[in-house]
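Student: Taken in sequence, the protein lines are chains A and B. Residues in the first sequence are numbered from 1 upward in steps of one, following the numbering used here. Residues in the second sequence are numbered from 1001 upward in steps of one, following the numbering used here.
Derived by calculation from the structure, the hints in this document are not laboratory data. Note that beta-carbon positions come from the ideal geometry of N, C-alpha and C, so glycine has one too. Check each hint, because a few of them may be wrong.
[What the hints assert, rightly or not] Listed next, the in silico BS3-like pairs over lysine-lysine satisfying Cα-Cα at most 30 Å (straight line):
| # | chain 1 | residue 1 | chain 2 | residue 2 |
| --- | --- | --- | --- | --- |
| 1 | B | Lys1355 | A | Lys141 |
| 2 | A | Lys171 | A | Lys141 |
| 3 | A | Lys141 | B | Lys1353 |
| 4 | B | Lys1353 | A | Lys240 |
[Unchecked claim] Partner residues aside, some chain A positions facing chain B, computed with beta carbon under 7 Å:
| # | residue |
| --- | --- |
| 5 | Phe72 |
| 6 | Phe73 |
| 7 | Leu104 |
| 8 | Asn106 |
| 9 | Leu152 |
| 10 | Tyr155 |
| 11 | Thr159 |
| 12 | Ala170 |
| 13 | Phe172 |
| 14 | Thr173 |
| 15 | Ala212 |
| 16 | Val225 |
| 17 | Ser226 |
[Claimed, not checked] Non-contacting residues of chain B with respect to chain A, defined by C-beta distances greater than 10 Å in every case (computed):
| # | residue |
| --- | --- |
| 18 | Lys1267 |
| 19 | Lys1355 |
| 20 | Phe1376 |
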Amino acid sequence: MSLGRFKYLSGNFGDNHLLSIFFSIGWKTSSLLGIIFLFVLVAWVYIYIRGESTIKNKISFFIVGLTSVFTFFVSNGFVNQENVNFGNYLYSLYGITKQSFELLSNISLITTFLYGAFLFNEFDSLKNKKKVNNKFGISNKMLMTIPFLGILAWYSLQTLIKADDYLSYAKFTYEDAFENYKSIARLCEIVPENSAIIIPVQGIDWPDISNAPIVRYFLFPRMIVSSSDLTSQEKAAKLKEAYFISLNKGNKLFWPIIDREKEVVYFAPNNPLGYSDLIVVNKENGMVIYKIIFQK
Amino acid sequence: MIYLISTLLLSSVLTTKILFVAIGRGGSPGFFEYMSILVLAVLIIVGTFNYINGRGKQKPEKLVVEKAGLAKFLVILSILFISTSLFINFNKKAVLWDAVALYDARARFLVKGIDFSEMVEISKYDSNNSYYYVLYPPYTSMVHYLWYELGISIPVGVFYSISLLLLAVVIYYVTRKHQSLIVAALLTFIVVSNGVIFSLSLSEYTNLPFTLQMFLGVFLIYEYLKDGSKWKIFYGIGLVITTMWIRFLEPIWVGAVLALFISTFTKKKFSKELLYPVLMLVCGVIEYIAWQSFVSGSVDTTKMVSFSAIRFLEPIVGIFTGSLTSIFAFFVKSWGLILPVHIFAIYLAILNKKKLNFLQMFMIFTMLIYFSGLYFVSFQSVWWDKLGDSLVRGSTFMIPISGYLVLEYLNGKKN
């Protein structure tokens, strides 16, 4: 179903709406089946605790246990694939999101723990030469709690798995945290403290330098002016003058757009603001800092 | 030990509150701000008085000598985790995103003589974030401010490693009192090494101090209900209601008040005990109004969360149109694997054929508060689905509570 849905999404089936609905239902059905599967498993454990285990139950439990362990490792393998490659890697390759694999990994982990608890109880009973079918004995208490203690242990294990990430915090600097930190630092060096600095409209294009609270942390006491607040020439005139640093991402994205001919600057799209003077204050390592004096 | 740590935490809250009124807030403080300081001071004094009075009457605790091999190993491992957190924070050269934007930023502005009222003013050309600096109460920022003013040269992140250490000590001592050595060591290890909690000790956010104070407060109330020590109820109330001084948006304290109401009212005999939930509610409301009145005096609060008939109608209609189900699915998914542990900890009451205890009731109310909060917010803002991480970080105080209940069940030691 998932593969079919992906084929549809990737355009192999053309623009067929009926197929779209069919595969979407299929996708949802497979998730639903997964949940039902988990419920069935929990029901098995319940039956087992009540002492109604049979050889048939044990064999099916064994198969489920092995499948869970296998699924856990495979789904984590896939999650890791995305981590070492790029965001949306799994979706672009298999049509299944990372979140779906994480969900699968979580469900299989719970079932693995359930199976672990089952095994524990089996061995415990063998060791003590008791019949397995004891109702709510000590080992059954263990059987009930092991999956949950297992989950808690899994959270602890994750700290160890991510130990490298955590230790890298020790070398953590602002340049690691903020893509445009160099531009912010340069503004701090060049722009006088009693001035205003214009930043882009807050958004995903420039996540850090468009975020006024972030920029203000480094540039205070300079006044931070968000482009989203410079909605009219009147407001700009009230500000009189300000500084800004030009930004670019390769050849694709530029901020702001300067039109020297018309003597206007677009800090936000469709909002030209006229200036009477635009001075390059500093130009170094591809970073240009301007001082703008707005038209009255 | 628990008394000392509780006193330390309450005193730090009191100090930051006084400092906030004296130099932090700007302008003239309102009646409720003074009242909240007074209430906290009275709770500390009455609590201490009861603690000193009750000391002689306490029965000496019977500590059974146990084999300590594995427990020692677990304690050493926990110390290792805390030391790692300390090492990392000692060496960090930057604070994390939210601390840059808010918590540490406010402290640095304070150092430069800009008070909270003026912080709203400096955002005048950034109207989208004009309320941002008063969105969260000032506790951690005031701690950072003190840190800088006292001229402590080590990075401020160390404060969060100390919070982790205090959390470990608190968990060890409260568990050791009722459970075996191995259970106390195991729970301490489980909590300290928990991925979410450990990473919080490396972030300069409000979550870890909130977790520490909420867990300790709730546990003191739970112990009071068991052994009747009065200092525990006064301190417990103080700790739980002043979590509002750390994080304000999630009213988890209401859950504790409701659980205390039910716990005392379902007891057969009527006595003075019934006054405590009322006292807690009154103190809580004072604490709530104290911060809320400062915020409404500083910014146009309608921008933060707006209340109108349609805002209330929408979520009710949503129940029938399927929104409830999809948000419930999101809620379960974001909370992740830890949710079954919490549910199991509550389910234990049925398994033990007992009434729900205070901790279990508190957990039920907490979950309801988180869910209804998320449900209502989902109708008001487009970014509600970004709250998943926040939910996981904010609810970490439930991990030691669930862990305690599960291990108590497994260990089976009655107290």
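Student: Against this structure, judge whether each hint is valid.
Tutor: Okay, the hints, checked on the actual structure:
Of the supplied pair hints, the one linking Lys1355/B and Lys141/A holds, its CA atoms being roughly 19 Å apart against a limit of 30 Å. With a C-alpha separation of about 46 Å, the suggested pair Lys171/A and Lys141/A falls outside the 30 Å cut-off, and the hint is violated. Taken as a hint, the Lys141/A and Lys1353/B pair is honoured in the structure, with Cα atoms around 14 Å apart against an allowance of 30 Å. For the suggested pair Lys1353/B and Lys240/A, the alpha carbons sit about 74 Å apart, so the restraint of at most 30 Å is broken.
The closest approach between the C-beta of Phe72/A and any C-beta of chain B is roughly 12 Å, which is over the 7 Å cut-off, so the hint fails. For Phe73/A, the interface hint is violated, the least distance from its beta-carbon to any beta-carbon of chain B being 17 Å, above 7 Å. At its closest, the beta carbon of Leu104/A sits 12 Å from a beta carbon of chain B; the interface hint therefore is violated under the 7 Å criterion. The beta carbon of Asn106/A comes within 5 Å of a beta carbon in chain B, closer than 7 Å, and the hint placing it at the interface holds.
With 7 Å as the threshold, the beta carbon of Leu152/A comes within range of chain B, its nearest partner Cβ sitting at about 5 Å, so the hint holds. Interface restraint check for Tyr155/A: the shortest CB-CB distance to chain B comes to about 5 Å, inside 7 Å, so the restraint holds. With 7 Å as the threshold, the beta carbon of Thr159/A comes within range of chain B, its nearest partner Cβ sitting at about 5 Å, so the hint holds. Because the beta carbon of Ala170/A sits about 4 Å from the nearest beta carbon in chain B, less than 7 Å, this interface hint is met.
This hint holds: Phe172/A has a C-beta 5 Å from the nearest C-beta of chain B, less than the 7 Å allowed. Using the Cβ-Cβ criterion of 7 Å, the hint placing Thr173/A at the interface with chain B is satisfied: the shortest such distance is roughly 5 Å. Against a cut-off of 7 Å between C-beta atoms, the interface hint on Ala212/A holds, since the closest Cβ of chain B lies about 4 Å away. Of the supplied interface hints, the one on Val225/A holds, with its beta-carbon coming within about 4 Å of a beta-carbon of chain B, less than 7 Å.
This hint holds: Ser226/A has a C-beta 4 Å from the nearest C-beta of chain B, less than the 7 Å allowed. Non-interface status of Lys1267/B relative to chain A is upheld: no Cβ of that chain comes within 10 Å, the nearest being about 29 Å off. Look at Lys1355/B: its CB is around 20 Å from the nearest CB on chain A, clear of 10 Å, so calling it non-interface holds up. The claim that Phe1376/B lies off the interface holds: its Cβ sits roughly 24 Å from the closest Cβ of chain A, which is beyond the 10 Å cut-off.
The earlier numbered hints that this structure contradicts are 2, 4, 5, 6 and 7.
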